[in-house]
Structures are given as structure tokens and as C-alpha cells.
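If you're matching them up, the sequences are chains G and B in order.
Just so we're aligned, residue 458 is where the first sequence starts under my numbering, counting upward by one.
Just so we're aligned, residue 54 is where the second sequence starts under my numbering, counting upward by one.
Just so you know, nobody snuck in bad clues.
Below, simulated PhoX-like cross-link-like pairs (lysine-lysine); rule was C-alpha separation at most 25 Å, straight line:
(1) G:K542 with G:K556
(2) G:K552 with G:K542
(3) G:K806 with B:K145
(4) G:K789 with B:K170
(5) G:K538 with G:K556
(6) B:K95 with G:K552
(7) G:K556 with B:K97
(8) G:K542 with B:K97
(9) B:K95 with G:K556
(10) G:K538 with B:K97
(11) G:K552 with B:K97
(12) B:K171 with G:K789
(13) B:K95 with G:K542
Label pairs and their in silico Cβ distance ranges:
(14) B:I166 with G:N743: 39 to 49 Å
(15) B:G109 with G:V597: 29 to 39 Å
(16) G:W526 with B:I128: 46 to 56 Å
(17) G:I801 with B:R91: 57 to 67 Å
(18) G:W526 with B:G109: 43 to 53 Å
(19) B:I166 with G:L537: 48 to 58 Å
(20) G:A596 with B:I121: 17 to 27 Å
These are computed hints drawn from the structure, not numbers from a lab.
Beta carbons: idealized from backbone N, C-alpha and C, even for Gly.
Residues per chain are reported as follows:
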Amino acid sequence: MDNYAIYDGLYAILGIPRDCSLLLQFIAIMINIVLVIAVVMLHVAYATYFERKVIGHMQVRLGPMRVGWHGLLQPIADGLKLFFKEDIVPATDFKAVFKLAPIFVVFAALSSLAVIPFFSTFYIANINIGILYILAISAVSTYGIIMAGWASNSKYAFLGSLRSAAQLISYEVAMGLSLVGIMIMAGSLNLKEIVSAQQQQWYGMYLFPQFLGFFVFTVAAFAETNRVPFDLPEAETELVAGYFAEYSGMRFSLFFLGEYIAMIVMSSMSVLCFWGGWTLPPVITNAIPQLNMVPGIVWFVLKVYGHIFVFYWVRATLPRYRYDYLMRLGWKVLIPLALANIVITSIVKYLA
Amino acid sequence: MTPGNYLPTEYLPVLIMMIVAAIFGAGIILVGGLVRLRRPYKDKLIPYESGITPVGEPGIRFRISFYIVAMLFVIFDVEAVFLYPWAIVYNKIGLYALIEMLLFIVILLVGYIYAWKKGAFVWDSRGGSDAL
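Excised from the complex, chain B in its bound form:
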């Protein structure tokens, strides 16, 4: 199969499935919209806050930890994806692949230990202990 004219036909059902899934989700709501009753009034549309009139804006400030976790996720997930092709061809390469990947994991561990020591995984506002 030459790279230039390769049509990934085995992915066609996946694409159709995605389209059907999206239509299914939207369709249920649209069809339901024809039969269900709809009587909105002002008080009903107030966001729920245990029966009290909401105080302040919902877009409150949130902890910086969420942001740090998101960054760590990007780093670690990319590393995980790097491991996939290595795992597939591991049988064919042998010792060289093993050493390379052990080095890769060691580098990953250095960053991981740094993040741990910096307290990126601590969610307790009192500083928290490292105990599990």
C-alpha cells in the first residue's frame, strides 16, 4: 500500500458511528420536545441553591490546584502516549528498546518526584500530611 493513495476504509464505520451517536443524542431531545409540556416562569428558572435566592455570581474563584492538575495531566498523558508505540514494537527491538524506555521512565520519575515534593498532589488546605 503506497502512502499516497491509502484510504483508511476500516475507519469508515467509526465515522458513521460517531455521526449516528450525535444524531441519537440530539434526536432524543428533539423528539421529546414535541410531546413534553413546557411552562417556564421566572422563579422556576433561578439556579438551584437549596431553595434560597442565589447570592453572588456563580463564576467564583477556585483553587489553583485544579490548574496544576490540568498541567500535570497534559505532561503525563503525553508521556503515556509515547509509551504506546514503544509497547507495540517492543518485541521486535529487544534490549535497546528496554534500556531506552527505562531511561525515559527515569526522566519521567524525576519530574514526578519534583511535582510530589513541590506539593502538587496535596489538596488539604492545611498543608496536609503525605500519609495516605
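Next comes chain G alone, as it looks inside the complex:
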């Protein structure tokens, strides 16, 4: 096991021997975690800026322009504003539940980052059940949503949370099934091993043999992160903001944070499972060997941002789905497609 490959780098920088005490190992893990959280927070802040710019330009507007050069300081201004806003807890019998709900959402989103390998030697934990862990822990945010809706003492929030919970659990089935094809091909649940298994193929990405799974996964990822066209939980024209109608200030921004981190996690999952992670297809690297000089994190970040761009592109293009269509799509189209993908993959794998 090379679980602590990352810490070799850190140990070397800090001048610590590799077989050091538990305390030093703990410090190395903490440095790692703080680094990941800080970088992801920065990316979340600028993902909102990126979103507003992309959608602005798609709608022939400029997007944020006032705060800083081309509005570059806008996310910081927004964050500061939310930080100093009054935090209203409405008259409800369940104040503790109301206060706990956003923490659940942000906990679920941040914890899923623990098993994502950003490149071959950088990850917080390299566990055997990476995919299962991400699917399991991101389901915890459903609790946050139910708690928020139930404790808000408001009809809009209650309906929004019910809809959201039903949507999340429906698409979770499709998402779980869509990844089985990947597991059959790679023979592992470990995200790092899935990436190295993709390098065994000349095309270097499971996107091509698993296009059906990729389609199901992408649609399910949109629904899981409550993005347009599946943003029914926060349908602002019908439910005023869904389950977080009663939230304001920092608690509201925690829900917002959770949504954007979940988007980054889902994009990373897609990149790792279908797009070859931090690697390029061997066909390309064999043709142009100079590309091997580029560090893997560059490709990883480029692919993740490409994926996030698709999220925004779809948001600027498609109208919101109707709720019964949404459930119908999840149960009657995506699940049969995912099951068909499993059967086809296993038969092809057996014959090959």
C-alpha cells in the first residue's frame, strides 16, 4: 500500500523522517486537509464568478464588472456581505434542527472531498471503497435538506424539502447503477486504481466504452446537485427558494457552499471515472511525448472546469423540468438505461 505517498512529499519538505511519530503524521494529514479545503473554497468562490460571467456572456450581457478589474473581486464582496448579514431564525419549535441543517449539508459536501485523488500522489485518503464512500456521504446532504424544510415552519420550505428529498433519492439509484459499468471494467472501487486502469487502454478514457453510463451519470449529477434543468427544489418561481426559503446570511451561504462543493465533487467523479482523471490517453502522449512533462493536476483542473462549464452551459440553455417529468425521467428512463449498461458491459467483458 502506498497510502502515505503524499506524505513523502510533505515529509521531505518539512525534513521529517518517514517512519515518524503519530503526532507528526497527524500534522501532515492536517496540513493536507487544510490545503484541500482552502483550495476548494477558493475554487467555489470563483466558480460563482465563472458562472455569472459565462451565463452573462451567453445572454449577451457582461456579467459582474464593477468590483475590481472585470468584477474579479465580486465573490469576495459577496462573501463579506453574507458574513455580516443578520442571521434570522424564524419562530419555530425546532430551532436546534434549523441551525444544524446547513452544517449537515456542508459536512456532506466537504467530507466527500476526502477520497478524491487530485493527481497521482495527492489525496487525503486512498481507500478501497472510494466510489461507495462518495455516494454514501453525499447522501447525508438529503438529511440536511429534510431537516431544513421540516424545521423552517413554512409551507414553501416543507414542500421544497419533500420534493428535493424525493428527487435526490430517485437519482441516487440511477447514479449508483451507472457506475457499475466502470467497476466491472476497472475491477475496483478505488478512484486511483480506476484512473490507472483507464491507462491500460489505448483510448485512455472509459468515456468511449461507457458512453451510456456517462450519459446516465451526467444527468443524475445534474439532479443530485440541484442544477438547472433539475433545480426543482429551489424553483424560485414556484417555491420562492424551496427548502432554504427561511435561511439568511451565513446559514444560507452554507447551503450555497454545499451546492457548489457538490458540483465540484460530481465533476471530479466524472473526470476520474470517465475522462481518465489526471492522465491523457496513451494515444496522445505517445504521439506527443512532450505532454508527459505537464503535471497531472493541470489536466485534472482543466477537465473539471470543462465539466463545470457544461453545468453552466446547460443552465443558460434549458428551461426547468416539470416535477412529474423529472420523476418519470429518473425512474422510467435512466434506471432501465443503467441496467442495460450493466448487462451489456458484463456480456462484452465476458466475451472479450
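Since chain G is already given, all that's left is putting chain B on it; use the hints.
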């Protein structure tokens, strides 16, 4: 590695990450509480209902379909989790695993078709069509 004294050390960073994530979420709110203003009064704390005084209790009756979807989720998610270990060891077992799993998926499909025919996936209150 004997089963009795196996310490899953590779999961330790995950546990620490979970604790840090929870502290991060709670910490943001607690730190913010020191600086932001707080002036509650009765009207501000009324749940939002488009500016009108709320009518009735928020715990309204909701559709039974939500309950059915939750039950179906439990069934299908457990089935999906059954598929994971099979998918991992599929390469090592071969034809036997393939046939076993095709049988499993057929049994799953029977229940799925039953739920479909019973209208568990129909959300249109008018009975609805099966068209997509």
C-alpha cells in the same frame, strides 16, 4: 494481515476530514455570530408566505407518492449495493458470475415492471399517461 488485529489506518484521514468538515461548518456560523448584528422582532420571525400572515399549519398532508418513492429507493439502492461487490470480482469468476447476475437483474426487473404497472412512477394527479 490477520482479521483480529487489523487497524484500518488508511481510513484515519477520512475520519479527520469529517471532523474538520463539521468544525468548519459550525465554525463559520459561530465566528460570524460575533460580528453580525441581530435585531429580531415578532413580525420578522414570521415564516415567509409572500408577505401575508401564514394560514394554517405548515405540516400539511402530502402525497402518498413521496412515501412510495422512498420505499422504492430503499429497495433499488440495496440492489445497487449488491451489484458493487459482484462488479469488483467479476473478472475473477467469469461465466458463473455473469449468469448469476443476469438472474439477479431479471428478478429485479420483475419487481420494477410490477411497480411501473401499479403506477408507482406516475406523478400526474389526473392518472397521467405513460408517455415521456
